[in-house]
Amino acid sequence: MARMNMVQALNSAMDVMLGRDPRVVILGEDVGYFGGVFRVTDGLQRKYGEQRVLDTPIAEGGIIAAAIGMGVNGLKPVAEIQFADYIYPGFDQVVSELARVRYRSAGEYHVPVTIRSPCGGGIRGGQTHSQSPEAIFAHVCGIKVVMPSNPYDAKGLLISAIEDEDPVVFFEPKRIYNGPFDGDPHKPAIPWSSHPRGEVPDGHYSVPIGRAEVVREGTDVTLLTYGTMVHVAEAAVRVSGTDAEVIDVRTMSPLDTDTLCTSVCKTGRCVVVHEATRFGGYGAELVATVQEHCFWNLEAPVKRVAGWDTPYPHAFEWEYFPGQARIVAALKEVMEG
Amino acid sequence: MAPRSRLHVPSPPARPGQEPDFSYLQLSPAGEVHRPDVTAAARDIENLSLELVRVLDDEHHAVGPWNPHLEAPELQVALRHMLLTRLFDDRMQRIQRQGRISFYIKSTGEEAVAVAAGMALQPGDMLFPSYRQQGLQVVRGRNLVDLMCQCLSNTRDMCKGRQMPIMYHFGAGNIFSISGNLATQFPQAVGWAMAAAIKGEDHIAASWIGEGSSAEADFHYAMTFASVYQAPVILNLVNNQWAISTFQGFAGGEHRTFAQRGPGYGMPGVRVDGNDFLAVYAVTQWAAQRARQSAGPTLIEHVTYRAAAHSTSDDPARYRPKEEWRAWPLGDPIERLKEHLIALGEWSEERHQQLHKELEAHVTACWKEAESYGTLTHGPFLDPLTMFEDVFRDMPPNLQREREELRRLLDTQRSAAGDAAGQDGRGSPPRAHEG
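If you read the protein sequences in the order shown, they are chains A and B.
Going by the numbering used here, the first sequence opens with residue 463, and the numbers climb by one from there.
Going by the numbering used here, the second sequence opens with residue 1215, and the numbers climb by one from there.
Calculated from the structure, these hints are not laboratory results.
Glycine included, C-beta positions come from ideal geometry on N, C-alpha and C.
Each hint should be verified, as a subset may be incorrect.
[Said to hold, decoys possible] Pair by pair, the computed Cβ-Cβ distance ranges are: (1) B/V1277 <-> A/E512: 40 to 46 Å; (2) B/A1216 <-> A/E512: 21 to 27 Å; (3) B/Q1312 <-> A/I652: 21 to 27 Å; (4) A/G505 <-> B/L1558: 51 to 57 Å; (5) B/R1218 <-> A/P658: 46 to 52 Å; (6) A/R566 <-> B/E1468: 35 to 41 Å; (7) A/R508 <-> B/E1549: 35 to 41 Å; (8) B/S1219 <-> A/P663: 51 to 57 Å; (9) A/G799 <-> B/N1612: 16 to 22 Å; (10) B/G1593 <-> A/S655: 33 to 39 Å; (11) A/R501 <-> B/T1253: 50 to 56 Å; (12) A/R501 <-> B/D1604: 34 to 40 Å.
For reference, chain B alone in the conformation it holds in the complex:
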């Protein structure tokens, strides 16, 4: 019989009930990958897209040419940022489960991707994150109370109640407004970097997307524009193996690494151990120097694992083995940095416990304060009439009319509710339920 074509449908190595299997991952021993000069031509360093840059070895020592040689105090700050990010995530997830916020997305297991990159960049560099890099907010000094108030849509919400939880923005910290639409920020970061080059500034831009959303056309717009104009930008592709229920093979990771797309577009692609703080730091620093010296953009693939559900609306037990996270060969980024500091003699289990306690208490105190500014169900509430603001700088007549219509309706409902509660004026009027 003549051969006939058959559709290839990618299948993950393990489904629920099966043994986790990460044999598909190509790993390089720590310290083994060559570190080229930051001005090396993209075509001469294509090996970086196939190998895996790692600094921390199995004995928790920092080895090889990519070792950024950070001082112990800086590593302790990094550990603190990562642990705080994780404890914040854990708390917000519990709070969502109690029904006090509507939704949440954790970054568990991926803390190094955001924290190391954030620390390796300069404060004036502009960040265009996806919704799973809360570590960047922590590094840039955003008060947790501000993040919590956004998740609560309360009276101190930076988004004035307009966005779902985690869609932060941080103008003073040079972090762009996070979109719920996938991959849109990637080419925007390139545009920001092009503007920096046009204006002759030395700040660079960095953006993050997941491997799943690298299937969107926006990824390819970003790569093309960055390459054509040699824009000073770092394009981070966070390969956390899972995009809700579809594994990385559905984004094109079965036959090539994601980093290999870099050379395909004429820029370096660097594949890095995303759970190795030092490796992510070093690779980011390399790409940043490259961009600042007009040597062009870099695509960095962070090989990591999404330890948590996609979001609080997701149940990964339906589509992947529960034990996968424990079987992940690159470990836990926080544990690895902690063990490294202990190996250096700069940390201990006792100090770690103490830090854990201190940060837990900090998160608790922040939550208490955030809640005092209101929740979705308990006041004080934002004024609903503010929803008409910021559609434009100047409110057009149709919106002014609509705002008046809602004002009248809410007044009617409030006075009706007030009448129902008795004429003595005691008790605050309940929130109007509908428009």
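Next comes chain A alone, as it looks inside the complex:
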């Protein structure tokens, strides 16, 4: 076991997989010699060489398309898109190709590609370095969508993604790369070394894709969330004094309906929290799933707390970010309902 932050844990996952499986290759902008703008691939090219850890031209569509071709030819590519906000030039390759090759060839071809990409706000990145586009990808059938909230899950889920025979889009909430964040930007940063999930095995292990996790047990209300917002939600629950059950969804697709709905049927109340914009957001899928399975157990309408339906504004980052105050208000409202 070692103490790792999320960057080190993700690096360790790729290190382990490059070492175990000669089919694994890493590609992306600045990932090779430089080790990535967030240092996630630091040292990997030195260790495994330029033929397996490749810098690429600045062309996200090209990166994803090349990864597909490599995957078809027996490799297991892990492609980095430097910011989730820059993934859209590759969107056609994801939606029309990556997600459908298995289906359209009736299983004769498949594409075991992992796309990693930092997402989320809280770093003063404005509208081009802050987006959370998980719902856009979760809407596409044929790709799995994952977002970890801590170093242990990050490594275990990334190993699962690389080992998966189907394509996985793996979003990394960059605000929590170096430590958990409770939503208050004025508090001193907390490192992962002081968090139980900063304890990470050095070697190979996996966390299964498609499984949510109860991170806090409770009886009053179920709080469904993922990524950075897990930590904000936990803090909001402490502030509110509500005995909430907090669930880290971890995988947007395929969704662990059982874990989610067992909890909501138990508590009878539900609040959904995500950082992405609200309208047509992933929360809509969660709320629909909850009402389909738990309607007769619900004591109050399910509430959503999400980013406003605007691009992420640079100056109003903390008025935009769905922080503790809004979660506390939603918990209160659901409890009174």
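On the provided structure of chain A, position chain B as indicated by the hints.
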């Protein structure tokens, strides 16, 4: 053994700790490249994509057929624009280091690319820059206070706090809104030019991208559309050798020049010394005349060097020799124009020092004024409720509801903060921290 394929991975000529090496650069002597008629057929002038148009020679004289023969006062204005751009960049970088703005991108070493092109074009020509052509804003007369207020996201911010620093726009100056996404502006400029042609106007469009982002599909959309419709557009590819940590070989510059892509698409490609103000001016003027006479688009490769870090988030010492900028064979664009003016007898070290001082003082005065309109941390602040405006022309109901929800939340937080500060009403309420 039978030969087997092996992946070629480009490698820059020098890494940190090694001697800078620019022997890969193909240079032409100043004055040597032929200047064809602006209506020449693209296929007859393919040599322009291989050679390097240069006007200023090593003795600082303007030589050869591309010499635009500008008068001294115009050259002095150019020097002023370039120096102001550099001093503005230097100041904003220092301010970012002090934590007073969140981010900055300098254009150091590339001032001629923007300033010369800006001066060679007409005010009605539409510009679609990337994030490293602040010199265009200077040429088009944008007040530095406006640029600083944008970087500060303050109450006078042209973007109303919505954009990261340097993502300016300038409607009155015909400069489009800068995107943080790479290369998107390149094909948009072509579309603008197509509209000018459809409407029968004589304005043209110009756009800039880096050599790194020329790998994006948008570059190829731009080239194809521009060529197919012979759009009146100038497509500038700024080859500053580095795209964050990857050198120009990763964008395809190892085997062909970037300018050669022009002939590949059926348009002229012109390779120009991007640190030679006169050469950039002349080539831009040539391409602009060509576009205005319906002779079609031009791709210009500006050979230059990114002297600064990619941005304030970058540390180039990790991936390139620190001494590279000093070893760059095409020198410093500001020094070269200054020496040219001195050689003409139209400038002196004393006048240059004086100009430097004057512009420094101007930047300082602008900064003082800009700061008085607020910073990210000190008021006055923009009203956060304005974030819901301009998503659409008319605010739809969901946004109206969200705006009300935030208004209530901020009111609650302000009155709670007011209570905490005492009941006498003294002191302004602090800014609410979160939504």
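Status of each hint after checking the structure:
For B/V1277 paired with A/E512, a C-beta distance near 44 Å keeps the hint of 40 to 46 Å intact. B/A1216 and A/E512 have their C-beta atoms about 23 Å apart, which keeps the hinted 21 to 27 Å range intact. The supplied range of 21 to 27 Å is met by B/Q1312 and A/I652, whose beta-carbon atoms lie about 25 Å from each other. For A/G505 and B/L1558, the hinted distance range of 51 to 57 Å is satisfied, since their beta carbons lie about 54 Å from each other.
For B/R1218 paired with A/P658, a C-beta distance near 49 Å keeps the hint of 46 to 52 Å intact. For A/R566 and B/E1468, the Cβ-Cβ distance of about 36 Å falls inside the hinted range of 35 to 41 Å, so the restraint holds. A beta carbon spacing of about 38 Å between A/R508 and B/E1549 agrees with the range 35 to 41 Å that was offered as a hint. Look at B/S1219 against A/P663: about 38 Å separates their beta carbons, and that is not inside 51 to 57 Å.
Our hint of 16 to 22 Å for A/G799 and B/N1612 holds, since their Cβ atoms are close to 21 Å apart. For B/G1593 paired with A/S655, a C-beta distance near 37 Å keeps the hint of 33 to 39 Å intact. Distance hint for A/R501 and B/T1253: a CB-CB separation of about 53 Å, consistent with the stated range 50 to 56 Å. Between A/R501 and B/D1604 the CB atoms are about 36 Å apart, so this pair conforms to the stated range of 34 to 40 Å.
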